[in-house]
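Peer 1: Chains as they are written, first to last, in the numbering used here: chain A, 1 to 685; chain B, 686 to 1249.
Rather than coming from a laboratory, the hints here were simulated on the basis of the structure. The beta-carbon is built from N, C-alpha and C at its ideal position, and this holds for glycine as well.
Taking lysine to any residue and the SDA-like style, the derived pairs with C-alpha atoms no more than 25 angstroms apart in a straight line are:
| hint | chain 1 | residue 1 | chain 2 | residue 2 |
| --- | --- | --- | --- | --- |
| 1 | B | 1092 | A | 103 |
| 2 | B | 1202 | B | 1185 |
| 3 | B | 1092 | A | 109 |
| 4 | B | 719 | A | 314 |
| 5 | B | 707 | A | 579 |
| 6 | B | 707 | A | 461 |
| 7 | B | 707 | A | 324 |
| 8 | B | 719 | A | 586 |
| 9 | A | 149 | B | 1231 |
| 10 | B | 719 | A | 309 |
| 11 | B | 707 | B | 996 |
| 12 | B | 719 | A | 545 |
| 13 | B | 707 | A | 313 |
| 14 | B | 719 | A | 493 |
| 15 | B | 707 | A | 429 |
| 16 | A | 343 | B | 916 |
| 17 | B | 1092 | A | 113 |
| 18 | A | 343 | B | 711 |
| 19 | B | 707 | B | 913 |
| 20 | B | 707 | A | 337 |
| 21 | B | 1202 | A | 131 |
| 22 | B | 707 | A | 291 |
| 23 | B | 707 | A | 439 |
| 24 | B | 927 | B | 1009 |
| 25 | A | 149 | B | 1239 |
| 26 | B | 719 | A | 437 |
Reference excerpt, derived from the structure (chain B facing chain A, CB under 10 angstroms, subset only):
| hint | residue |
| --- | --- |
| 27 | 707 |
| 28 | 718 |
| 29 | 720 |
| 30 | 751 |
| 31 | 872 |
| 32 | 876 |
| 33 | 911 |
| 34 | 914 |
| 35 | 915 |
| 36 | 988 |
| 37 | 1003 |
| 38 | 1097 |
| 39 | 1109 |
| 40 | 1122 |
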Amino acid sequence: MGWIIGVDVGGTFTDFQAIHSETREMHLGKRPSTPEDPSRAILDGLQEIAAEFDIDLAEVDRLSHGTTVATNALIQRRGGEVALITNAGFRDLLEIGRQTRPHMYDTHLDAEAPLVGRERRLTVGGRILADGSEFAPLDMDAVDAAIEKMREAGVEACAVCLIFSFLNGDHESQIRDRVQAALPDVSLSLSSEVQPEFREFERFTATTINAYLRPVMDAYIDQLGAGLADLIPNARISINQSNGGLMSLGMARSFPIRTALSGPAAGVVAAVDTSKLTKRANVITLDVGGTSADLALIRDTAAKLTYESDVAGFPIRLPMVDVSTIGAGGGSIAWFDRDGLLKVGPQSAGAVPGPACYARGGTEPTVSDANLILGRLSPTLIEGGMTLDVDLARRAFEPLAERLGIPIEEAAQGVIDIVVANMVRAIRTISVERGHDPRDFVLMPFGGAGPLHARPVALELGITEMIVPGAPGILCAEGLLVSDLKESFVQSHRTDLADGALERINATAADLMKQAEDWFGTEGISEADRSYELSLDMRFVGQNFELNVPVWSGPTPERTAFTDVDTLRQAFFDEHDTVYGFHNAEAPVEIVNYRISANGRQSRNEAAAKPQIEAGGGEPSSTRQVWFEGGESVETPVYTRKTLDIGQTLTGPAIIEQLDATVPLHPGDRATVDPLGNLLIEVKK
Amino acid sequence: MTDMTPATVDPIKLEILSSAYKSVTEECFISLMKSAYSTNIKERKDHSTAIMDADGRLVMQTMVSPIHIASMTASLAAVLEKFGDGRNGGIKPGDMFVGNDPHVAGGTHLPDVNLTSPIFSGGKLIAFAVNIAHHADIGGMAPGSMIGGMTEIYQEGLRIPCVKLFREGELQQDIMDLLLLNARLPAERRGDYFAQIAACRLGVRRVEEIIGVHGADTVVASFDELIRRTHARMRDSIATVKDGTTTFEDVMDDDGRDARDIPIKVSVTIDGPSIAFDFTGTAPQVEGNVNVTMNATVASVCYAVQALLDPYMTNNQGVLDAIDIHAPEGSLLNAVFPAAVASRAHTCQRIVDVVIGALAPLMPERAVAAGNGANTMAVFSGNDPRTGEGYVYLETIGGGMGARSDKDGKDCVQVHITNTSNLPVEAIEMEYPLLIEEYGLVPDSGGAGAFRGGCGIRRVVRPVDHEFTFSGVGERFRHKPWGIFGGHDGKTGRFALAPQDGAETVLPGKPSNVRVKPDTAVILESPGAGGYGAPENRSPENVQADRRSEKFSEDYLSVYESSA
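Could you put the whole structure together from the sequences, leaning on the hints where they help?
Peer 2: Structure, rendered in structure tokens:
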């Protein structure tokens, strides 16, 4: 029993958290990322924390890793050379997409061009029909001709995308076998494996992106794997996926698309863990960084998955932790639109030049500048490592205040009001618009700038309690420590929800259970650590949007067969009520997709990490003038977070500073340090 | 307001409120889409939602078609005229109005049904929540209520005047029964009406919540301020264009009856911050169903001006008020009762082309060549042999987008006043007894140019184990989408029948009720689009890309030989 390490590679920093599986000793680390070769920061950082905290790297049992390699390759269009094989007559399907424009009025703005040019889109005869039957056999001569074209073009990867392959993948498998035999170095992505679901454009898009990312992920894992094998030879390495679970390196090589939205997922996983440990079942997360804010909803200690996301302009219909992102962060710039309305973001000053107060050449007013002007942000960040210049912030805000004819502090407050309104609007989208009342939730702010904006957000939504985790700035690394291995299995089968369908439902569920069991075996997950969750995508016959309804979960694949469809129907009605506010009891219901989520528990010790408290007695280190609300500043004591004692209570106004974040405690609010090191804040109504 | 000093709303508060209104129309839009039954709405998103003020002025919208906006504003004007100031029982909390008629209820064609509900605060009318949805059928002589051959409004479906569907919260079941009896697939219609009702109520509830937080006076003042600022912004934009008068003319193919080569003519005058359009010289209204009511003409012109001048401004009453438009009463663009209007979208597309054609010399960088200039529509109906039940499958098909000053026109996309999605091939084949044999672009259909026009869409559809009826409405099937500044014209579209063994038969541009046997496929090809600038100025790299992509034949590419 040794160390478990979480490593989260972000755009600016690579964060580390190490925890000993028995002693619960815990250490944090942070070093600049190395975007040209992200593995370097990981390998260097590991050696660094090993030296600093005296960790024997041979005793590292597990390393869980969150990477943006695939996401960045997709955004920057640096993927591999890809060919696509599809049905005759459908060569342009990927390019036509849904035949829509991204903006109604902007005639110069186009949808993203496909990742595979038309010259690399090759077609073959053969056709499967809507009932899964074969209408025309696969034309093997055409497959061979496609292989020759790929050979000539020297492609690295091939996407195989056929109509109705989610019902019958035979033709795609035949193509795979033929290509593999002829071109063993070309990596293959089959639409029937990447996303075996209805709607061809979305499925083909996911498959093409996967093919495009495979050469990139292969190269990255080759590099990282070699380095880690030397450094931590006894560790099991896993990679974080967008669904909030981990996967093995082998799965990551085959399905790199599953990491495309994994960045924000790890933070939500950590929030889920905190929600369990603090017994706060319903949580809304507010993760605010430099350029954006990520929001997610946790209900009954579980994060909801979504099957509809967009990455780098492409629709991706794969299970992802339902995180919604808006362009509102510390670096977001305030500007006047042509009609004179004041806007904040989505343009951001980023890390370079950064907000005006960073003194790196930025001159535009940003959200961080506003917080600094109001005294909420500390002039000294990262334990003295960086100093902020309040005069530069005020200078940046001068033109804005002048144009509005108000004092600088009021202008700064206005900018924060707008950014808060944007956050509130986004939270309403994930809560109210999906049938949840935010007043039943606790707000958990994290990220460098989350705690700065949480209080007005909570107030606006009627939320009365907030939890600020111990290390809000590196929560993603913590999430990786508590993540489980996870795999999703899906079958698309339209099934009318009638008594006659029971056999089909039970058989399909059993089939998926078997696949999940096989996967557990392959991954070497012991029986005690396995769990299964069965859910169904259902809709009223005639609707085209499905609702995902969980119907069963358990620790073994032995499941009592469903004996009537009424419970399933009722579960669908309940979900429809929640989301749309009504259901139609007479209308027929159908199942579209069957899904199993298989979970392999990784973190066996349920005890939380021990918070480390330093001397200082929880006394304020200084005081400063802070503007909270009402246009007047108040003398406010400043505390250092790591000196606060467990059980200590503070009443606002106060500022609580720590390595990676600043927490303003508004007048009348009460903060208590809980036994796990979280700050629980009661919001004064 | 009785207060002499109206509430002022500063730019910060205004941004917060504007963002809140946007959030309301978006939430209503998504709710309507997700709970609707008809493919038209749920997959193609052919619906829009809006907030209007107590005077019926547009404040905020989420939409797929500017024509919807025209319809929602005109429909509310009809409500105010009929029920305002206590007339006919007045406007009360919990009321909901329904209407679709282009001649008496502000509609633009019958399948677009408007729902409107008032929003009150302290007994005072503050605003309206409005939505519109395109129903896949509204009765009339043909399934889908859209195809050619209609000559008067009565043939096009059920005419709903402006009536109360809810009275103070109470559903008027009699009215609902009447609506449902007059449409094909009443179960689907019921689902769509209820989705619209739920979205309308949601809009009311959300605006009431905003009033609860900010107060009615501030909300009302913010409506004024938003409209005032948009109006000023629009006039500023117009003022950036140099003054002058330009004219342009184009012709529609036909009206599906006897009228052919129907002219649309415009004269545009820019004078400082003012812009005026005069359509005198346009053909009189026609017998066929391509006529346009004035509100849809206004919407089309406003779309074109906004796209050329300022694509990112908020679309509200401030835009409409900044543009002066005249079209002679009784003309194609200001049609009066009993004109048939079902296929007005084609004509609206042509209005946009004509406006852009006229303004192109004044703003060459923003101008685009003619796009597919149509709303190419195909309707398939029959009895599903698997279930014995009737079906109607309606789709509008995109085409080429006109070339632009700095890049090629996009291939295979909806242009200008429409932006509806296609239906996935797998959805079509699961839902209907149809086989899609091809779905791709039409080679050589984009006009050559320094930047080339976009290519049209080709779709080949075959009935499976049954006979179906095909009807279609095409435009630019005889008159090519024109190029500008030396760019070449794009290719026209066509409908054709392809028997398994036999020669293709080309159908007319607006065929109605063509019987098709399982051994025959229907070919749909939408028009391409015009090029921008002379072909000899096309860069060799772009010519090479055209050759590599195999979108163009060697024969076509020879036009560029002089440029290399």
